[in-house]
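Each protein sequence line maps, in turn, to chains A and B. Just so you know, we're using the working numbering here: the first sequence kicks off at 1 and counts up by one. Just so you know, we're using the working numbering here: the second sequence kicks off at 1 and counts up by one.
The reader is advised that the hints may include incorrect statements.
Claimed, not checked - Chain A stretches covered by chain B per the calculated footprint, using a threshold of three residues with CB under 8 Å from any CB of chain B: (1) 25-31; (2) 34-43; (3) 48-60.
Bear in mind the hints are in silico, worked out from the structure with no lab data behind them. Computed from a prediction, not measured in an experiment: that's the story for all the values here. Glycine included, every Cβ here is placed at the ideal spot set by N, Cα and C.
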Amino acid sequence: MHDETRERSPFVPTIQVGREVPDFRLETYDPKAEGFGELRLSELCQQGKWTILFFYPADFTFV
Amino acid sequence: MGAEIVTVSCDTKFVHLAWRTIEGELEDVRYRMGADPTGHVARLFGVYVEEEGIALRGAFLISPQRVLMNAEINYLNMGRNIEELMRKFKANIYLARQSDQALPAKWKQEGDLTLTPSARMVGKVRQYLERQQRPDRTTSDGD
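Take the sequences, apply the hints, and build the full model.
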């Protein structure tokens, strides 16, 4: 691997339970609209919504 | 349930479209599928696997005040328990409305037993819980 000799920097989490989350933007595919879009965390919060972010490794996999 | 569910992987939005269209198991998916190909959001939440360019199985609950209220991260091949995620979500919504309450470990849904922390309950939680379980309990404040 080309970066074998490079030291991995220590893991520094940027979020913490109980603390405010920085705003972020994500492009999306919206199955309801059958189209592409964009979302911003700050917009969802302004709409008074709770947000559940659900990460997973990759599309076309199994679990 | 009043929550915005957003799934996120490091695939592009085009792959999301293709997967949703092709895979029968995803037919009923109505929530938005977030695309994070640069990994910037996955890194923000501490779930980016640098060596492979994919995300760990993290689930995060964020309040309307933009506070992170719950985080759960499983390693790659272990699925998350959706019932438990929903329980935690309901618990947080409930506590946002009833901030003087505490929810015991066995709490599952509104109507289940809760605690109201107070100085009088210190060291007496077991007595309180046992009194609440008895069918002849009164409707006093219990502590």
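Indices of hints not satisfied (ascending)
Those not satisfied: there are none.
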